[in-house]
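Quick mapping for you: the protein sequence lines, in order, are chains A and B. Going by this note's numbering, the first sequence opens with residue 4, and the numbers climb by one from there. Going by this note's numbering, the second sequence opens with residue 4, and the numbers climb by one from there.
Some clues are possibly wrong.
Pairs count within a copy or across copies, as identical chains cannot be separated in the list.
[Said to hold, decoys possible] Result set (EDC-like, lysine to aspartate or glutamate): computed pairs, CA atoms no more than 16 Å apart in a straight line: (1) Lys149 x Asp67; (2) Lys114 x Glu62; (3) Lys149 x Asp177; (4) Lys213 x Glu62.
Read the hints as simulated data drawn from the structure, not as lab findings.
In case you want the letters, here they are:
Number of protein chains: 2
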Amino acid sequence: MYRKLAISSIVLNLILFAIIGYAIHLKGGIPYVMDYVSAKVSDNEFDDYYKTRLSIFKESEEKDAIFLGDSLTDYNEWAESFPEVNIGNQGIGDDTTSGVLYRLKETTNLKPSKIFIMIGINDLINGVSRDDILKNYTSIIEEIKKDTPNTEVYIQSLLPTNSDLTYKDVNKEDILWLNDNLRKLASESGYTYIDLYSLFVDGNDELNEKWTIDGIHLNGPGYGVWEEALGRIRGA
Amino acid sequence: MYRKLAISSIVLNLILFAIIGYAIHLKGGIPYVMDYVSAKVSDNEFDDYYKTRLSIFKESEEKDAIFLGDSLTDYNEWAESFPEVNIGNQGIGDDTTSGVLYRLKETTNLKPSKIFIMIGINDLINGVSRDDILKNYTSIIEEIKKDTPNTEVYIQSLLPTNSDLTYKDVNKEDILWLNDNLRKLASESGYTYIDLYSLFVDGNDELNEKWTIDGIHLNGPGYGVWEEALGRIRGA
Chain A
4 MYRKLAISSI VLNLILFAII GYAIHLKGGI PYVMDYVSAK VSDNEFDDYY KTRLSIFKES
64 EEKDAIFLGD SLTDYNEWAE SFPEVNIGNQ GIGDDTTSGV LYRLKETTNL KPSKIFIMIG
124 INDLINGVSR DDILKNYTSI IEEIKKDTPN TEVYIQSLLP TNSDLTYKDV NKEDILWLND
184 NLRKLASESG YTYIDLYSLF VDGNDELNEK WTIDGIHLNG PGYGVWEEAL GRIRGA
Chain B
4 MYRKLAISSI VLNLILFAII GYAIHLKGGI PYVMDYVSAK VSDNEFDDYY KTRLSIFKES
64 EEKDAIFLGD SLTDYNEWAE SFPEVNIGNQ GIGDDTTSGV LYRLKETTNL KPSKIFIMIG
124 INDLINGVSR DDILKNYTSI IEEIKKDTPN TEVYIQSLLP TNSDLTYKDV NKEDILWLND
184 NLRKLASESG YTYIDLYSLF VDGNDELNEK WTIDGIHLNG PGYGVWEEAL GRIRGA
C-alpha cells in the first residue's frame with residue numbers, strides 16, 4: 004500500500020516541479036528568479052520604471068505646471084492637451100506617497116507656478132493604512148511649502164475604482180476618508196482641493212464604467228472630463 | 004522503506020503546493036488565475052493598457068508630428084522636449100508591429116506632417132521571426148503611404164539592448180538584420196531612415212550602460228541623445 008502511495012506521490016511531485024519550472028520559464032527563466040530574489044533583498048529599492056522616469060525628470064527644464072502622481076497622471080499626455088501651458092508630466096506608474104516623497108526634490112527644484120498632485124491609490128492597493136497615507140501626504144505638502152513657497156498646489160481627490168472591472172482590492176471607505184482629509188489638508192495649507200471623485204463616481208461609490216476600461220485608470224473621454232475640470236479652475 | 008519514501012514525498016507535495024499557492028496569492032489570488040486563463044483563451048485581444056492608450060489617442064486633436072511606437076517612445080515626454088512643435092506621443096508600452104498595424108488609422112487620420120516610428124523590439128522579445136516583423140513593417144509603411152501620402156515618415160532604427168542588464172532575450176543579429184532592411188525599406192519608399200543604433204551601441208553590439216537602467220529602455224541622458232539626433236534632422 005505504501006508502495007503505491009509513494010509512487011503516486013512522487014509522480015505528483017514531478018508534475019508540481021514541472022508546473023513551477025514552466026511558470027519560471029514563462030517569466031524569463033533563472034535570470035528572472037535571480038532578479039526577483041535580489042529585488043526582495045533590497046526591498047527599499049524602486050523598480051526600473053521608477054528609476055528610468057526619474058532620470059528623465061532630472062533632465063527636465065523649467066516648467067510652469069507639474070502634474071505629479073502615479074499611472075493616472077502618467078498615462079495621459081497633459082502637455083498635448085494644454086499646449087499653451089509649459090507642463091511637466093511627472094507621473095510614474097505604480098508610484099505611491101512614499102515614492103513621491105522620495106523624488107519630490109525633482110519637482111520642487113523646478114519651482115513651478117503650479118503643482119497638480121494625485122497620489123495614494125497604489126498605497127491602498129499595497130495595503131498601506133490610510134493613516135500612514137495621510138501622514139506621507141502631509142509630509143509632501145510640508146516639503147513643497149518649505150522648498151517652493153510661491154507654488155500654488157492643487158490637491159486632487161483620489162478617484163473611485165470599479166470592483167467589477169479590477170481584481171485590485173480597494174476599500175471604498177478608505178478612499179472617501181482620504182478625500183475628506185485631503186480636503187481638510189488643502190484648506191489648512193492654503194491650497195486648493197479639486198474634487199474629481201464626484202465627476203467619475205456612479206450611484207454605488209464605484210468608478211462609472213463609462214470612464215474606464217480596467218476599473219482603475221481613465222479612458223480617453225475620462226481624461227476629457229478631468230481636463231475640463233482643470234480648465235474651469237484655470238478660468239476661475 | 005516505502006513508508007518513509009511515501010511520507011517524505013507527500014511532505015514535498017505539500018511544500019510544492021504551498022509554493023504554487025503562495026505564488027498565486029502574490030499575483031493577486033484566484034482572480035489573477037481567472038484573468039490569466041481568459042487572457043490565454045482570447046489571445047488576439049490587446050491588454051488593458053493598449054486599449055486605454057488607444058482610447059486616449061482617439062480623443063486627440065490634429066498633430067504636426069506623431070511619435071509612433073512602444074515603451075521606448077511612450078516613456079519620454081516628447082511634447083515637453085519640443086514645445087515649439089505640436090507633437091503627439093502615440094507610444095504604447097509592450098506594443099509590437101502587429102499592434103501598430105491594428106491601430107494605425109488613429110495615426111493616419113490625424114494627417115500629421117511627420118511620423119517618427121520605432122517598433123519591433125517587443126516582437127523579437129516575443130519570439131516573432133524577423134521576416135514576419137519586416138512583413139508587418141512593410142504593411143505599416145504601405146498603409147501610411149496610402150492613407151496620408153503627404154506625410155513625411157522617419158523610420159528609426161531599432162536600438163541595441165544590453166544582455167547583462169536585462170533577462171529579455173534578444174538576438175543581436177536580428178536587430179542588425181532588421182535595421183539593415185529598415186534602411187532599405189525607407190529608401191525604397193522615399194522616406195528617411197534614422198540610425199539611432201550607432202549612437203547607443205558599445206563595442207560589443209550591446210546597449211551602452213551609460214544610456215540605460217534596465218538594458219532595454221533609455222534613461223534621461225539617453226533621450227537627450229535621441230532628441231539631439233532628431234534636432235539635427237530637423238535642422239537639415
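Here is what the structure says about each hint:
Neither within a single protomer nor between protomers do Lys149 and Asp67 lie at most 16 Å apart by alpha-carbon distance, with minima of 18 Å and 40 Å respectively. For the homomeric pair Lys114 and Glu62, the shortest alpha-carbon distance inside one copy (15 Å) is at most 16 Å, but the shortest distance between copies (31 Å) is not. For a Cα distance limit of 16 Å, the shortest separation of Lys149 from Asp177 qualifies neither inside one copy, at 28 Å, nor across copies, at 52 Å. For the homomeric pair Lys213 and Glu62, the shortest alpha-carbon distance between copies (15 Å) is at most 16 Å, but the shortest distance inside one copy (37 Å) is not.
Of the numbered hints listed earlier, those contradicted by the structure are 1 and 3.
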